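Make one complex out of these two single chains by using the hints.
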Amino acid sequence: MPEAIHTLRVALPPEAVWDFVKDMNKWAPMLTGYQKHTIVTETKSLWTLKGDVGILSRTVELEVNITEWAGPDRVRFTLTGLNEAVSGEGQFEIRAIAVAGSAAAAAAASAPVAAKAELSWWQKLVERFARWFLGRQGGGQAALPAAPRAAVTAGSELAFTLMMEAGGPTAPLVNAMLEPALIPATEDLAQRIVTHLEKQHGLG
Amino acid sequence: MFGFGKKGPKWTESADVVVLGTGGAGLVAAIAAHDFGAKVVLLEKSASVGGTTAVSGGVVWVPNNPHMKEVGVADSRAEAATYIRTIAAGRSDEALLEAFLDRSLEMLAHLEAKTPATFQAVPKYADYHPEHEGGKPGARSIETEIFDTNELGEWKSKLRRSPIFGGTPMTVVEATTWGVFASPLTLPYKELGIRFKAGKVSGGASLAGRLLKALLDRGVQPRLETRATELVTDESGRVIGVKTQNAAGEQLIEAKRGVILATGGFEWDAELSAAFLTGIPTHPNSPVTNTGDGLRMAMAQGAALGNMSEAWWCPSIDVPGEQYEGAPLHRGDFAVRSMPHSIIVNKEGRRFTNEAHNYNDMMKPFFDQDPVAYGPRNLPAHLIVDQQFLDKYLFITSVPGMKAPEFVASAPTLAELAGKIGVDAAGLEATVTAFNGYAETGVDPDFRRGESIYDHFYGDPKQRPNPNLGKLEVGPFYAVPIYPGTIGTKGGPKTDVQGRVLHVSGQPVAGLYAAGNVAASIFGPGYPGAGGTIGAAMTWGFVAGRHAAQSK
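So the protein lines, in turn, are chains A and B.
Quick note: the first sequence uses my numbering, first residue 1, plus one each step.
Quick note: the second sequence uses my numbering, first residue 1001, plus one each step.
Isolated chain B (complex conformation) (with noise of 0.2 Å):
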């Protein structure tokens, strides 16, 4: 309990929902909270809007979507639900399960009614794991057209921009149309020029900036660099506000009806990520600010705690003395490690993971142990690639006729590039000869990079026989640093499916709910598809904000 008097807390300000954080759930718990009767307060820790969604490419995944069929993909529920149980691996629950499937449509039927959030499928974006039972090969991902932020008025500046693709201003559908990995000279870098002066956005941005607007339309203004600090509680026990702290002092702000965490997740706080992951994720891609608030919070009050352990893995490349906002930036990599001509190896020169399939699951085994040797069998880990790949894709910071980046190792054979990395160069040449074979083949029996469609969307589709399979056979070869990192941790208080917080009695604790990655994630060690963390935290979000509008 916090700040009572006699007759209660001292309130700075009275709200009927108090929403923390400004990503996609918190944004849509916003919404949809407002839209339902409540009188909002949303409070953003950071100096920008948009969270882990804004930085993110913006994809949102829904399941058996109505934009599916505009571009020919059939669904249905009972197909999803079949993959999602896949993907969970037996660990997400039933109930929150079939809520999702449900609750997803209505939060995109929702905002595309009542908000400039409108969506189109992106029909080659296959899910995750596409060949699996339920599994599409595209549309579950959607994702909103470019964004002209000119339409924020003096909020266009708080708004965080995307580092993904360097903030360029095109849509995942433009980019594969244009062919920007396996064909970067092909793009229209005039126009993108023009849409970049003129204030034009994407992706998580664009998604960010089209929630954002909904909210002042609705006379709804974040507070930025206002961090909540303690839940409020009565006797009982119901939360009833929140502590928060700024640059004006301590504030108590009641929230008659309910407090949505949205805070992200906690991969920036060392703490707390030593304590519950499987592996530690050295190079996040997230903002800075996700570091556990929330979480902290909810802890305090007893919450049930799920899925501590996981996070939505992505290994990282950094360029040295790169920013954004401030901090480091850990480049999250999609696309450099599954082009033909490149592979990911290990000190002793051995690959270790399909290099081309999704970032959460080929990350997993960056945190395989040696139990003799009792350290990480595959860190460091080195992404490697020849001339031939520097000539024909991106390559981190250089475009084909480029040179190499500064900061890139570099040697005419593989056996003075191991020796410069600190690899074992009779591993590498080994490893280097048996993978061109599999570029010959197109059969990469290892590791079976190449063979999922999924791989194939970042492969390069001039490539023969296997489009994510090219030889390292041209000197100079290259060699960079792959990080393990995160897109954010997705473990977290568990929730009912109105999205309360449950306790770890499992009764729900009154007056307290959670969304997005601060919660516990119903896929478990999942990734369904691409966006399938922002799809299930602006469900999530949605329904709490909905519930606790509607709750007395």
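Okay, chain A solo, but in the shape it has when bound (with noise of 0.2 Å):
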């Protein structure tokens, strides 16, 4: 199944950042390819969306699921596709990091981790051993640019994750066009998420 995932960091408290992304029409129009959306109960909503399959933009009607509500650290959902043969699940997960108190230290922090889609297997095995045997070393924030003696203060990490997989016996080909339209989706909703946030708390 074609997946991305794609980490930033931001200097606001968990539960900030969940108070804008545990409210779906917050966030929504920042979603590339956008169009409308329409919530049917509180944890079942339609979407329409635009979106690239190989060098073709379709307009795509999604049933979308919320399947674990666990704030301030995570939601679950699945995706359905109504129009297309398409299907899919993601989740938005906020994690507890201390980052650098100035504001330049935290546009900075904002830098993206990784965008794990792009990275092979053996990228991914390098890159974990990396993360673990530098966080040993840092402190557990190794990859975190931080200025020199600027005040460390709490911030969070937010990690999207989202999976969309075609059905039926063409999969194979559509899932090849699907994914390259997937990193950029989900590297751009984080990226505006964090900017968002930024922004509404003065740190941008």
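Possibly wrong hints are sitting among the right ones.
List of simulated lysine-lysine pairs, DSS-like, C-alpha gap at most 30 Å [claimed, not checked]:
#, chain 1, residue 1, chain 2, residue 2
1, A, Lys50, B, Lys1007
2, B, Lys1392, A, Lys50
3, B, Lys1158, A, Lys50
4, A, Lys50, B, Lys1200
5, A, Lys50, B, Lys1403
6, A, Lys36, B, Lys1200
7, B, Lys1420, A, Lys36
8, A, Lys50, B, Lys1197
Take a look, some chain B residues computed to stay more than 10 Å from chain A by CB distance [stated by the list, open to error]:
#, residue
9, Gly1072
10, Gly1090
11, Ala1247
12, Ser1505
No wet-lab data here; the hints were simulated from the structure.
These figures come from a predicted structure and were not determined experimentally.
Heads up, the beta-carbon is just placed ideally off N, CA and C, and yes, glycines get one too.
Here it is, written out as structure tokens:
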């Protein structure tokens, strides 16, 4: 199943990030290709997106169902295509971390940690090892380019994961066409949320 | 005249030959001009390379080509000439026809010897009127094999991709061998997915990609998003350069030996279409940048025009919301209308054309006028299929086993479907009753569907007794609008055997050439076979590029 993960850091506590993420009305328009959405129940919503399938751009109707609502840590959901044979799942995961307290450091900290969908399994293994190793050496925040002598405050790591899969006999081809669109869509949404939060809280 | 000072125009840059447009005509013109000694500047109005050629199937029609022998099809110059005369219906210039027969082979030999553009015959792709004298059952149409876009380096992302088969990287030979139309579930989708991920392309993108690679190898880089707005002439009226516009501003580029117009047709320009065409192609299949720029520039020089009422007609089906390069995509329909269990009807519920025949000629009745009602007799038109069709064949965005696309009207009976789409129910029922009888006998006395071997190319060989005729008898029934479209217009400035634009006086406009859909086609209202557009475009591009490079 084509999968994309994008992780960003923001100098805000998880509760502040969760407060934004938990209300899809706030971030829905930030999704690449967003056309409209309708909330049906607390856990069910209908989305209309314009997405790329290979060289073409298609309008896709999706039913989104929340499967886990575990604030302020995580929300998980499934996706079911209503007009196309696609399905998928995704999640927002918020993790508490410590970041440098200055606005400049916070901005720097929002550099992407990794776009895992672009990595091979070997690269992922190396990356995990490096993060684990450097994390031990650096107190858990090895990749953080924090400014020297900056105050350390509560921060968050926001990871957005999206998996989409085509169904039917043509799936291997359609999945190949879907994958290139997933990575930028995932990166863009995570980045837009973080940018919005930083601006909202005067960190940008 | 433009920009003249006492010593003439203040050129921003100087070249021997300036080529406008990067479709098949422009790319080959640039290659030829370079190879025959010219310094070339190649300009492209859009942000990508390939023009109308790149969005096509990339097939090239060259009669009597050397690849025909490889697949056992004999041909001759005389047969080809006879066939083209028939197809052109008396509207082809005899000198141009003769020149095309020879120059097309020279063009092919040059490309295959000196560029990555090499070809294979498509053995079963019949001429579009193969039963007419001189027609052939296949192999005059040739295509390139799969192309690896990684060979283009940083230009990879600048190559326009073909929406044919949704961009699936498979050749026409492969598609027909695998039975893409009749047995779509048998395709090797895993292999095709691997190809796609690896950056492989086919069809028009492969052809344009190979020609682009040839130019990059020669050090000629197209200048994208640079639009030519005006030709520059000297006191004698000779074209000596071009005025261009891009993000950097306005430039004047000198063309010491000539300017070659290869800017495509005018089908996306409402004013020109209304002024010239037989009918309005409301749903063109080509890039939206085909707005007649070259035609206007030629007209400004007093060019004689020819074949202006004609286009390479092709019916279109829309998927709501579907876009290509940021504009609505109008899918040219080649197969859905041709397979069994389908018909096209007008608002009276009557068929009005051979649905399975070549797209250029089967579409002409879309424009029939009712003299008393004073309006189009056959528009709006609808393509009707039954559940058997969905169970067996590709239907727009669905494959067998999937439900019909949500934008398609459906109903359990024909009468109810007719009511939903505003078609006369009794008329539709009567039409289907008659058509189902034809499916039984295998003979369509009304429109001769399935009579030509061309029709069979897009048929189901398992369907007996006729691969194009199958009953519509299993509900639900489905309907989708089918619109008049075109893959490009084919009228424009007349040219001579060297590709030079002719003035209304009959003399060449010095320094000005035209090739491809911007120019008057030698085929008149006809379409000789798959790749007739590109084959002629590349030929005249080659002729014009060579002549311009060698002129003084």
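These are the hints, each one checked on the structure:
Taken as a hint, the Lys50(A) and Lys1007(B) pair is broken in the structure, with Cα atoms around 55 Å apart against an allowance of 30 Å. Taking the CA atoms of Lys1392(B) and Lys50(A), the gap is about 29 Å. The hint holds against a cut of 30 Å. At most 30 Å may separate the alpha-carbon atoms for a hinted pair to count; Lys1158(B) and Lys50(A) meet this at roughly 22 Å. For the hint pairing Lys50(A) with Lys1200(B), the CA-to-CA distance comes to about 25 Å; that is within 30 Å, so the pair holds.
Distance check on the hinted pair: Lys50(A) and Lys1403(B) sit about 21 Å apart at the alpha-carbon level, within 30 Å; holds. This hinted pair does not check out: Lys36(A) and Lys1200(B) have alpha carbons roughly 34 Å apart, beyond 30 Å. Between Lys1420(B) and Lys36(A) the alpha-carbon distance is near 27 Å, which keeps this suggested pair within the 30 Å criterion. Proposed proximity of Lys50(A) and Lys1197(B) is supported: the alpha carbons are some 21 Å apart, at most 30 Å.
Interface exclusion of Gly1072(B) from chain A stands, the closest Cβ pair being 33 Å apart, more than 10 Å. No beta-carbon of chain A comes within 10 Å of the beta-carbon of Gly1090(B); the shortest separation is about 41 Å. Under the 10 Å C-beta cut-off, the non-interface status given to Ala1247(B) relative to chain A holds; the minimum distance is some 24 Å. Against chain A, the non-interface label of Ser1505(B) holds: every CB pair exceeds 10 Å, the least being about 45 Å.
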